[in-house]
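J.: First to last, the protein sequences are chains U and B.
For the first sequence, my numbering gives the first residue as 1, with consecutive numbering after it.
For the second sequence, my numbering gives the first residue as 266, with consecutive numbering after it.
No lab work stands behind these hints: they were computed from the structure.
One should not assume that every hint holds.
What the hints assert, rightly or not - Cβ-Cβ distance ranges computed for the label pairs, FRET-style:
| hint | chain 1 | residue 1 | chain 2 | residue 2 | range |
| --- | --- | --- | --- | --- | --- |
| 1 | U | 204 | B | 393 | 26 to 32 Å |
| 2 | B | 307 | U | 175 | 19 to 25 Å |
| 3 | B | 370 | U | 183 | 47 to 53 Å |
| 4 | B | 495 | U | 141 | 55 to 61 Å |
| 5 | U | 88 | B | 359 | 38 to 44 Å |
Think of the CB as a built atom: it goes at the ideal place given N, C-alpha and C, for glycine as much as any other residue.
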Amino acid sequence: MIRTLKALPTLLRIGVAETVAYRAEFLVWILTMTQPLIMLGLWTYVTRDGAFRGMTSEDFTAYYLANLIVRQLTGNWVAWQLMEDIRLGTMSMRLLRPIHPFYAYAASHVAAIPFRTVVALPLAIILLASSGAHALTHDPVQIAAFVPSLVLAWLITFAVMFALGSLAFFLTQTNALSEVYFALFQIFSGYMLPLAIMPRPIAVIADWLPFKYTLAVPLAILTTQLDGHELGALLARQGAWTAAMLVLAIGVWRLGVRRFEAVGG
Amino acid sequence: MTRYLRLFGVQLRVSVAQAMAYRANFLVSGAMALAQIALTLVPLIVLFDQREQVGDWTAPDMLVVIAYFIGVKAVLEGVVSPSIQDLVQRIRDGSFDYVLLKPVDAQAMISASRYEPWNVFDFVGAIAIAIYAFVRRGSAPGPAEIAAGLGLFVAGVLAMYSLWVTCAAAAFWIGRLDNLQWLLGAIFDTARWPVQVFRGAWRIVFTFLIPVAIMTTFPAMALLGRLDVETALATIGGALVMLALSRLVWRAAIRNYTSASS
């Protein structure tokens, strides 16, 4: 553990260097996240003549812009990285290092956060300047709670993607699985549509799945009025899911890494 | 001309054989294609559960736009995208030399070099959605509308193809742009709604920079019998202009090609 902490500054430096070296690709990855804007286009058009299921045009603007910000800050492609490293055999190099690859991958993604903030910041300014600003919460407690909620969302997303990537130890090719995950994510996390306007059954199912804790929960903290009890319950459940997903990620990794045969590399 | 048709036929046969070799993967991809279509429809199901009409678009009319979106996307992901990926790779490793040496036009050769046949599932899905939309509408399109709808579908595909070729030509200068197609794909995603949805600044961006309207909205309106003749002709004209421009860019780019192999 101490060894990992000592290596952390170096790992972060490597992460920054990686992001800078592949800046064009990094930028394109970020620019591909346009779906919330396309959805925003539809819903502002729909709400021109009145609210939709209680959501006004301002609500939708706030929701989708905040959605884009949260997704920018928490999204990652570690599942894809893991799969490539396993498939091409470059994982053996990572396994030789005295640091668990979980930390190594995590550090490289943490190092990208400042760059992601550079993208998220203008979005936040647009949000505050837009009509959506009225729909944001004014409660200082909620604004403060947004930060830990965002951190937990990041951890859940990272752990799930890590578990998904680790499945490549068993399956080699996990792209199809990632596609299935993203399809479920779009529906149950509130990424495609706010869960509030989704049909009742979907919102109920979403309560019992991890997806909404990666997106809809931080969004709810930022864009709706919650009382202290509700806020506490949301954060507690988010914390529980974080623990569960971290255990899952490490578990799948442990089972999988035994089977690793270093193909190619 | 027959030589080109024979060439495309051979390339198609090879791709189908390759795809069918992994039968399980073929079927899974087919299932995923159907799931993707369902996912595309979710916002409309939610929307029209509450509203009869949005602007001057009813549910069936909007379904026709989605059908065109899925249809053009099937061509994009089935033919254009894989071929362009192939092109970028060939430019990087120098095997584009062999394409230039062949006694056919390099652009034609490369434009249909690789297919992903399971996108046929998407195409069938698109037709099914369009048929369902017209059943809901309670009126079948007349022969004139069908002809216009099919003609403008071709125009839409050509417009989309031109945009992709133009961007792919950039690979001759930059060399490495693996994820460019993801970016173009993300932009093309806007074509799922009628262009009238995007207002103000949005509209300017989407109508002029990315001819989304030519790709899906106008063809759908033609099939619905809502498009006047002038706009229809302008759509075809626009697609042809884009095609000519892409050809010019391609020619300029290919002159710039220096083999990477030796």
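J.: Give a verdict on every hint.
T.: Here is how each hint holds up against the structure:
Between residue 204 (chain U) and residue 393 (chain B) the C-beta distance comes to about 30 Å, which sits within the given range of 26 to 32 Å. Roughly 22 Å separates the CB atoms of residue 307 (chain B) and residue 175 (chain U), a value that falls within the hinted 19 to 25 Å. Checked against the hint of 47 to 53 Å, the C-beta distance between residue 370 (chain B) and residue 183 (chain U) comes to roughly 39 Å, which is inconsistent with it. Judged by the Cβ atoms, the range 55 to 61 Å given for residue 495 (chain B) and residue 141 (chain U) holds: they are separated by roughly 59 Å.
A beta carbon spacing of about 22 Å between residue 88 (chain U) and residue 359 (chain B) contradicts the range 38 to 44 Å that was offered as a hint.
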